[in-house]
Structure formats: C-alpha cells, structure tokens
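J.: Okay, here's what each chain looks like letter by letter:
Protein chains: 2
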Amino acid sequence: MTHNFGAGPCILPQEVFKQASQAVLEFNGTGLSILEISHRTPEFEAVVDETVRLVKELLNVPEGYSVVLLQGGASLQFAMVPMNLLAEGETAAYLNTGVWATKALKEAKIFGNVNVVASSKDDNFTFIPKDFEIPSDSAYFHYTSNNTIYGTELMTVPETSVPVVCDMSSDIFSRVIDVSQFSLIYAGAQKNMGPAGLTLAIVKDEILGKIDRKIPSMLDYKVQIDGGSMYNTPPVFAIYVSMLNLRWLKSKGGVAEIEKENISKSEALYKEIDRNPLFKGTCSIEDRSRMNVCFVMENPELEKPFLKFAEDRDIIGIKGHRSVGGFRASMYNALPITSVHTLIDAMQEFAEKHR
Amino acid sequence: MTHNFGAGPCILPQEVFKQASQAVLEFNGTGLSILEISHRTPEFEAVVDETVRLVKELLNVPEGYSVVLLQGGASLQFAMVPMNLLAEGETAAYLNTGVWATKALKEAKIFGNVNVVASSKDDNFTFIPKDFEIPSDSAYFHYTSNNTIYGTELMTVPETSVPVVCDMSSDIFSRVIDVSQFSLIYAGAQKNMGPAGLTLAIVKDEILGKIDRKIPSMLDYKVQIDGGSMYNTPPVFAIYVSMLNLRWLKSKGGVAEIEKENISKSEALYKEIDRNPLFKGTCSIEDRSRMNVCFVMENPELEKPFLKFAEDRDIIGIKGHRSVGGFRASMYNALPITSVHTLIDAMQEFAEKHR
Chain A
180 MTHNFGAGPC ILPQEVFKQA SQAVLEFNGT GLSILEISHR TPEFEAVVDE TVRLVKELLN
240 VPEGYSVVLL QGGASLQFAM VPMNLLAEGE TAAYLNTGVW ATKALKEAKI FGNVNVVASS
300 KDDNFTFIPK DFEIPSDSAY FHYTSNNTIY GTELMTVPET SVPVVCDMSS DIFSRVIDVS
360 QFSLIYAGAQ KNMGPAGLTL AIVKDEILGK IDRKIPSMLD YKVQIDGGSM YNTPPVFAIY
420 VSMLNLRWLK SKGGVAEIEK ENISKSEALY KEIDRNPLFK GTCSIEDRSR MNVCFVMENP
480 ELEKPFLKFA EDRDIIGIKG HRSVGGFRAS MYNALPITSV HTLIDAMQEF AEKHR
Chain B
180 MTHNFGAGPC ILPQEVFKQA SQAVLEFNGT GLSILEISHR TPEFEAVVDE TVRLVKELLN
240 VPEGYSVVLL QGGASLQFAM VPMNLLAEGE TAAYLNTGVW ATKALKEAKI FGNVNVVASS
300 KDDNFTFIPK DFEIPSDSAY FHYTSNNTIY GTELMTVPET SVPVVCDMSS DIFSRVIDVS
360 QFSLIYAGAQ KNMGPAGLTL AIVKDEILGK IDRKIPSMLD YKVQIDGGSM YNTPPVFAIY
420 VSMLNLRWLK SKGGVAEIEK ENISKSEALY KEIDRNPLFK GTCSIEDRSR MNVCFVMENP
480 ELEKPFLKFA EDRDIIGIKG HRSVGGFRAS MYNALPITSV HTLIDAMQEF AEKHR
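Protein chains in written order, with the numbering used here: chain A, 180 to 534; chain B, 180 to 534.
Heads up, some of the hints might be wrong.
For identical chains, the list gives no copy identity; a pair is met inside one copy or between any two copies.
Stated by the list, open to error - Below are the DSBU-like pairs computed for lysine-lysine, each with C-alpha atoms no more than 30 Å apart in a straight line:
id, residue 1, residue 2
1, 300, 393
2, 498, 309
3, 300, 401
4, 487, 401
5, 285, 383
6, 309, 383
7, 393, 383
8, 429, 288
9, 383, 459
10, 429, 282
11, 498, 393
12, 431, 309
13, 450, 483
Simulated from the structure, these hints should not be mistaken for lab results.
No experiment lies behind these values; they were computed from the predicted model shown.
Please model the entire structure based on the sequences and the hints provided.
T.: Below is the structure:
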C-alpha cells in the first residue's frame, strides 16, 4: 500500500477510484462510458444536481447562496472575484499569508485598488497575522484559509462588517464552517472535493450585479449560476468523481466526523514532530494547518536520507515545497490514519538509528 | 453495441476507455491512480509533453507556433481571443455562421469593435456566406470552421491579409489543415481530441504581446505558454485521456487517414439522405459538414416514430438541435463506419415500412 501524502492533486478514497474506473467503461447502465455521454442527458444532469445538493448538505449552505461548478482552478477565481465584485476606484482588503494570497491580490490590482491589511511575508509566511484592521469601506475582505506551502491555517473568520471572500481550496470539506460568515467561498476541487479540473464557488446571491463592468459570460458568476453550472460543456468526469467523493464523505458521517479524524491525524503527527529530537515544525504552533504539516530536521544533512528511508516504506509526496524545504505531509480527508502511523513509525525508527 | 451519434461530449475509441479505466486504478506502474498523482511528477510531465508533441505532429504545426492546453472550453476562448488580440478602438472581423460564432462576436464587443463581415442568420444559418470583404485594417478575422448545430463546415480558409483566428472545436483532427494559414486556432477537446474539461490553443507566437491591456494571468496566452500548460494545476485526467486518444489517431495513420474515413462515412450518409424519399438535408449541399449531418423528414409526423425505430437499433444521440429540428448524426473520428451503416440500414428499413 502506497501512503500518498502529496499536496494535491491528492489521495481520494480507493472506493471512489473503483467506481470511477467502472464508469469510464460503462456509466450507470447507459451502455456508454462517462467520457462519451452528453452533458445534456438526464443521467448527467442528475449527477450535477446531486453534486450541488451534496455540497449544500455537507456544508449546510443556507438559503440565499448559490453553489456553482466552474473550471480554471482557484487561479482563475483570483481574477473572477475582483472582476465581479470590485469596481474601478474601489478598494478591496487582502490578507497576505502566502504565495496564493499574493497571487490573488496581484490579480485584483488589475480591476481596482488593493489594501494589504497585513502580511507575514517578511517571516516567510510562518504565521498568520492577527492584529489588523479591515477598513469598513472595503469592497470586500479576501483571505486564504489554508496555506499549503507553509502549513498554516486560519480556523476562525476575521471579524469585519464587509463581505468576506475566502479561498478554501485546500481545507474545504475538512472542517465545519459557517457559510453564513462568508459572501463568497471558492476552491479548486483537487484536495478534498475531487480530481483536478473542477472549481467550486459558493456565492451569496445578493453580492452580485452591483458593479457596472462588462464581464465576459464565462467569468460572470451570475451567468454561470443561471446556467446551472452548464453555461457551456462542463468538465463531466471531474464532476462525476467529485459526486462520488462527496457521497463517500457523507457515508463517513459528513464534515463533522471527518474533522474529528483530521484532528486526530494532525495531532498525532505534530506530537511526534515536537517529541522527536531530530525534527521540528516550521511555523508558529497556534497557526498550524491540519491539512499540510510542514517540518524540517535539526540536522539538514539527514533530510535526504530520511526522504529515502520514508520512500522505502512506500511513503510518498512528503518532500517540502522549495520555499520552505524539509518535509510537508499533506493529510487530506482520504488519507487513512494508518498512513499517518506509518510515517510516525518511520520517524521514530529513523531517530533510533540516528540518535 | 451502442451506436453513439451524440454531438459532444462524444464517442471516443473503446481502447481509450479501457486504458483510461485502468489508469484510474493504477497509472503507469506508479502504484497510484491517475486521479491522485501530482501534476508536478515526472510521470505526468511526460504526459503533457507527449500530448503537446502529438498535437504538433498530427497537425504538422510549424515553427513559431505554441501549443497550449487550457480550461474553460471554446466559450472562454470567445473572451480570451479579443482580450489578448483586440485593443480598445480596434475592430475585429467576424463571420457569423451560427450560435457559436454569434457568442464569440458578442464577447469580442466587450473589448473592442466588431465588424460582422457576413452572416447567414436570416436563413437560419443553412449555408456559409461566400462573398464578403475582410477590411485589411481588421485586428483579426474570426470564423467557426464547423457549425455543429446547423451541420455546415467551411473547408477552405477565407483569403485575407489579416491574422486568421478559428474556432475548430468540432472538426479539429478530422481533416488535414495548414496551420500556417492561421494565427490562432482553438478548440474545446470534447469532440475529436478527448473528454470534456480541456481546451486546446495553437498560437502563432508573434501575434502576442502587442496590446496594452492588463490581462489576468490565467487568461493571458503568454503566461500559459510560458507555464508549459501548467501555470496552475491542469485538468490532469482530461489531458491523459487526450494523449491516449491522439496516440490512437496516430496509430490509425494520422489525420490524413482519418479524413478518408470521415469522407466515406459522411458521403455514405448524405447519399442515403438524398436518395431516400422520406428524408432531406437541411443545409446547402456545398457547405455540408462531415462531422454533423443534419436532416429532417418530408413528413414531420414520422420523425418521432423514426427516432424510436433507431433507438430500438441502439442508435442514440441523433435527435436534432431544437433550432433545426429533425435529426443530427454526429460522426466524429471514433465513430465506426459500421455505426453509419446501421443508421443507413435503419433509414432504408423505415422507408420500406412507410412507403
């Protein structure tokens, strides 16, 4: 068994792979592959409907919000958000907690003014800034809830009277959230929702249609919502696999149950990092991410040997991002706790050998 | 065996389904599903490289052009083209041959002026306009080479001195083209290239970087090309299946060979439509598409019974688009000629019964 700690695209449940593999041969008794069916068939419309319904159910999305399935990843949302919500001359507030937040605010500058309310850039994003002011005349406040590269996560929504926009690409569906605290949530699917090639947006309907700019149809949330996520041909297979994965999550007891597992998994690994004299965490303890656990070795010369030691135990995907170095163990919903224990065991065995 | 005449997403080769199904379980000896591998692994980078190489080889793409894999379908290209190529105040020439061309020119109006050089709208797009002038000061000339809804196809590139941009979504890889006649070709993958969720663009490098507009990174051809189709997480599975499908096309002898088959298939069906007293074609004979064959019945009351008659023979996807009515038999590369003969047989049997 391979222990896939990759940062994304990432592990999904084995039963989802099995069902998806079967649907590529034959989908739902149609005699056709899921790859050759029309998106306008009742069979596929049912897939879109169920996917949207599962998102609403699992995240307890209140009335007044639309769930829409898009393409282009979070990177396209970096532009779509200001294109739809930031008029020329207006200012949006951005919290800078890493590479993705930096990219998001750079795109926003094309459409209006950006006020970076706080940044941990000077400390290589090792913490989440806490004391900052969000001016009440901001068009919106944007932040990234989980920073995959640095292993930090913001679990509480900063208090503000302005609309909150959040990039939840790497922690959506991993913990209970209160959607009513947000005006717009977006996420690339390829962590806890499904495979690469799909993007989720949850939009408070009342924030749309307030600016004058002419928006290309494909980039207009309103057009996409009115089109029922099928303004044009959607990424059929990515939606289908996401539906299977959300069904799996529901069968596991939903987000509250998976959150408990995610807490157990991350606590176990952080405990080992803090206990084991060979390893140390890279970011401030109170901001540690449950999804991406970043750590280095006290003696950097042991990092390569440990990587090899882990690989020999079928532990893959733990090499840290180049801007942090060391290791990053990504532990998304589908990663079994046995994989975490395998990694912890490897750290302990390695420490025995090198004490 | 199901005979899938669907307009798209459409039939792909059975061996592609088998290989894709297997890769969802395990990809290329990695011990991982294609759905859980990182796009930054050497194994997947090889997939992107081979896909791009196959596009270049199969279409004989000359030096000076970049092949790039994107998301969002042709509908997003409708906006990306003018965003990248049409400065404010400039005028682009558009040929209006149907719904997709109409949508393309509507998006262009957001960015500059549009000159509709000819349109067959008043005749419900039953023909391709022939005599039109493309002003030499146009920023570019845009047309749709194949019109899926109306069953018309433009096989020759209109003569002009301005850069030619072509939406080839529904006939790319179906016939030999001379890429050097174009400055930009784009296509949603979901006909002859692969599954839904991927978009292909072939861009003449020299046309880029000529306008001042600030372009969001994801919508900037230059950024996407420089990022090697991986500026952000690409649609991994859709690229993989496209690679398999292009491999299949190469193994069949390439585009020139498949074009012969496409000629045989379409000639056989048009011949039956013209011969059979119950049926008639809907568009002008010289503009008939090889990909989408549109026809109606002399007696419209027989259309429902014939649809049922065909379905009983496992012929599916032939219901015409609501704006034309009747029938549309889409015959993409992967549709076997035996399926075409099955349809022709059904038409003949039905005519016997109803003569």
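J.: Are the hints correct? Go through all of them and say.
T.: Tested hints:
no.: 1; hint: 300 <-> 393; result: between (34 Å within a copy, 25 Å between copies)
no.: 2; hint: 498 <-> 309; result: within (29 Å within a copy, 60 Å between copies)
no.: 3; hint: 300 <-> 401; result: between (35 Å within a copy, 28 Å between copies)
no.: 4; hint: 487 <-> 401; result: neither (50 Å within a copy, 38 Å between copies)
no.: 5; hint: 285 <-> 383; result: both (24 Å within a copy, 27 Å between copies)
no.: 6; hint: 309 <-> 383; result: within (26 Å within a copy, 48 Å between copies)
no.: 7; hint: 393 <-> 383; result: both (20 Å within a copy, 28 Å between copies)
no.: 8; hint: 429 <-> 288; result: neither (39 Å within a copy, 45 Å between copies)
no.: 9; hint: 383 <-> 459; result: neither (41 Å within a copy, 50 Å between copies)
no.: 10; hint: 429 <-> 282; result: neither (33 Å within a copy, 39 Å between copies)
no.: 11; hint: 498 <-> 393; result: neither (44 Å within a copy, 36 Å between copies)
no.: 12; hint: 431 <-> 309; result: neither (34 Å within a copy, 61 Å between copies)
no.: 13; hint: 450 <-> 483; result: within (22 Å within a copy, 68 Å between copies)
Consistency note: the structure conflicts with the earlier hints numbered 4, 8, 9, 10, 11, 12.
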